[in-house]
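Enquirer: Protein chains in written order, with the working numbering: chain A, 37 to 504; chain B, 37 to 504.
Since the hints were derived computationally from the structure, they do not count as laboratory data.
Fair warning: there could be bad hints in the mix.
[To be verified] Quick list of in silico lysine-lysine cross-link-like pairs, DSS-like style, CA-CA up to 30 Å:
1. B:92 x A:459
2. B:179 x A:92
3. B:447 x A:92
4. A:458 x B:92
5. B:447 x B:458
6. B:92 x A:179
7. B:459 x B:447
8. A:92 x B:330
9. B:330 x A:87
10. A:92 x B:92
11. A:447 x B:87
12. A:87 x B:458
13. A:458 x B:87
14. B:241 x B:277
15. A:87 x B:459
16. A:447 x A:458
17. B:87 x A:459
18. A:241 x B:241
19. A:447 x B:92
20. A:459 x A:447
21. B:330 x B:179
This one's a predicted model, so the numbers in the text were calculated from it and none came from an experiment.
Listed below, chain by chain, are the residues.
2 protein chains.
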Amino acid sequence: MAEGTGTAAGAEGDALAHPGVDAAAGEEFLRAAMEVLLEDAVRGATDVTQKVCEWKEPAELRALLDLELREQGEPGGRLLRRCRDLVRYSVKTGHPRFFNQLFSGLDHHALAGRLLTEALNTSQYTYEIAPVFVLMEDVVLAKLRELVGWSGGDGIFAPGGSMSNMYAMNVARFHRFPHSRQSGNWALPRLALFASRESHYSVLKGAAFLGIGTDNVRLVGTDDRGKMIPEELEKEIERAKAEGAQPFFVCATCGTTVLGAFDPVGAIADVCERHGLWLHVDAAWGGSALLSPKHRHLLAGIERADSVAWNPHKMLTVGLQCSAFLLRDGSGLLQRCHGAGATYLFQTDKFYDVAYDTGDKSPQYLAEQVRRRDGFQLVSEPEFINLCFWFVPPSLRGREGAPDYWQRLGKVAPAIKERMMKKGSMMVSYQPHGARVNFFRQIVTSPAVTRADLDFFLDEIERLGQDL
Amino acid sequence: MAEGTGTAAGAEGDALAHPGVDAAAGEEFLRAAMEVLLEDAVRGATDVTQKVCEWKEPAELRALLDLELREQGEPGGRLLRRCRDLVRYSVKTGHPRFFNQLFSGLDHHALAGRLLTEALNTSQYTYEIAPVFVLMEDVVLAKLRELVGWSGGDGIFAPGGSMSNMYAMNVARFHRFPHSRQSGNWALPRLALFASRESHYSVLKGAAFLGIGTDNVRLVGTDDRGKMIPEELEKEIERAKAEGAQPFFVCATCGTTVLGAFDPVGAIADVCERHGLWLHVDAAWGGSALLSPKHRHLLAGIERADSVAWNPHKMLTVGLQCSAFLLRDGSGLLQRCHGAGATYLFQTDKFYDVAYDTGDKSPQYLAEQVRRRDGFQLVSEPEFINLCFWFVPPSLRGREGAPDYWQRLGKVAPAIKERMMKKGSMMVSYQPHGARVNFFRQIVTSPAVTRADLDFFLDEIERLGQDL
Ligand SMILES: Cc1ncc(COP(=O)(O)O)c(C=O)c1O
Ligand SMILES: Cc1ncc(COP(=O)(O)O)c(C=O)c1O
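Bound conformation, chain A alone (with noise of 0.2 Å):
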């Protein structure tokens, strides 16, 4: 936390007769913290006359930069001194003379949609809460799939090529054997899944986590440019089901990690088909050669795949970390077998307990006034910020005894959620909870929010529900 902020001072005293943000300070050092953006982590890290990296020993950086966690904050000028310390010795990894991964460049365009992203902080679960993004996964990952050969499908953005990698075995165990999300692999026969000794190491790690088990990936032979063989694969899927193992999945790689090998899908394809497996294809890495007329021969069968893991972030230059799960099936498998939400890696510096100590007033302070205004009730005491109420509008009020009562009432927060979005005005969330039929749940963890917002919000519902 800055000094002289105000943010201390807030959470002291009242905290909610003001915000405890100072949001003037708080955006002067984010303008001058983008100033070093510019320079340093933009202009200066993408120039060839400066260093790619500046390195340091760990123990001489950890002194350096003087990490340690303090109770209290530090002026806005030394906040800043810390960040161009944090561009100056981290790598550039946007330099021309960056060729350490299967990633490098900077690409100014993709850097402000990334800025942006992170700047609107959501999630991407539900088009309320994300319309824009939702609507954008939707056209790319369509369009991704188009470039694969699909006129349908699904899929979903995953935190990295491993992670996809993962959704691919889980999907098609789920596939091949439903059952198994209730019952485990217990109820299944010892499976056996194949990919090339050149593969990524995430399919390995993946079976682990799976519960197959690396002793169940069979690493099929590659030629000595290091595609799979295909007459390898079929001799090692039949040597797994004379063994009593039952084989389910293919991993073809398109673009291994070191030497860049295509395996030949088509011929994979064909294996896969008379075994009846499924084949995932791992294009994490060459996945983007698909754009490119001249050189997309080399996924040349892709579209026979079940499903494709494919990362924009290593060679579309888009950032970290993107991966692109696809699925060829279109009915809803995906959602059936599992739904997990594109997600983000940590980026912070410090510590808050103010921000806790604000949200700790706010359910306090609401929970009175909800137990006090006509036409509120808590669900239960709040031990913690969660906050649970309903609001009965005059028409059900002393109806308790009535037959619809609860059925009535549990249409009560959907309908004032709808006007509140229309309207614009604010944003709660409701649910029902084993026997009790819809309720709001009311959370604040945000400084800013003062006993103004706190009282508006319950009029907005008082007058958003007064007709119900």
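Given chain A, put chain B with the ligands in place with the hints provided.
Expert: Showing chain B with the ligands alone in chain A's frame:
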């Protein structure tokens, strides 16, 4: 891709003559986009007099945004309008009247850290590639463990609380049955795990993913406040044993998602001790109460847990997605079980084939040079943009027949790498592969790379390896 940035022009004709990005135009755009960020996504989005959301039906919004992905780029002005629309129609999760999720609010300092992290675009797997972030992660995890009450231990940042809960189950399974990693669940007795009826759905999801199955999750009864009843837990454990299952894992929830209830960790720890079970505390939501001297009693006993999940992105305003998975074990169990890195969310709005096309020319040019230059030797003919080669220093040239030739050659790449890092002149990776000793793997994905950079790359290797 923006029009007039020179990217397209660079890809035609001689792609390596000039950088394939117009840095000045890119920076200008980025600066303008950052103004949108500050004005609209920060100031406007936290202004209580403005709307929390601008509701549109999906079809209407889709038409408004014009999301069609086209072959051709758009002028900067149009892209900026798109940035403004993105913000305008997104939900303002930083708004003081957004109470919809377990996260809300906007902290300017945290956002500054996140923007810099995006700009630096690096991965967390080694000190080499992320020196500052690796040290920071270390310090922050140690602090979180200290707050839990542990003096040692281990941990990792995960893309979300769901993932942290899955890590916990996987580590617990591995700890009890180390061979499960190789052999899968078939070599184990049928497992059973326990969580309260109010626990987060990720416990069930994780059990399905790990091949344990949702039927083997026993949902333990709760009291009227939503807290797990320790006596019920003990009964469920006995029941599972009687039914031939093997209990191994108990998840206590500290801060349930709906009611905000805290399971009594101390009493649950007693039960776990009696039965020799792994105790995981899902403190994704309530963990931040540990920062408050007044409220940390809610988690009393958490120091007795074997592992803890804690989401700073929920109550500490650090931004999505940030979940800490903490482990009491400091013996390297996590490393032995699996090594998974923290990861990012997808963020982009467009496609490039230009990056690919430029990247395509570079290895052709570079492979040509490697073939020509004395002392450079291709490992294999490149099919893709992975260029794998050895540098043979003068002292080894013509000595291929010597018994220690390969052994000595294998030490060349690490020595050169160390020198380039310390000098900061460039970065490239090396690895052994099967029977082949260490070689360099060069990758170009950045359109900014020119022929001069590639010439420098080979010259620099020669310079650094001349005396080896
Ligand atoms: C072929 C292949 N598959 C999967 C992955 C894993 O991708 P991620 O690092 O995004 O988890 C990689 C990463 O290099 C890869 O090269
Ligand atoms: C108690 C609890 N555990 C786990 C999670 C999952 O966290 P995430 O959404 O980061 O995956 C949540 C999310 O709300 C939660 O409330």
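Enquirer: For which of the previously enumerated hints does the structure constitute a violation, in increasing order of number?
Expert: Failing hints, ascending: 8, 9, 10.
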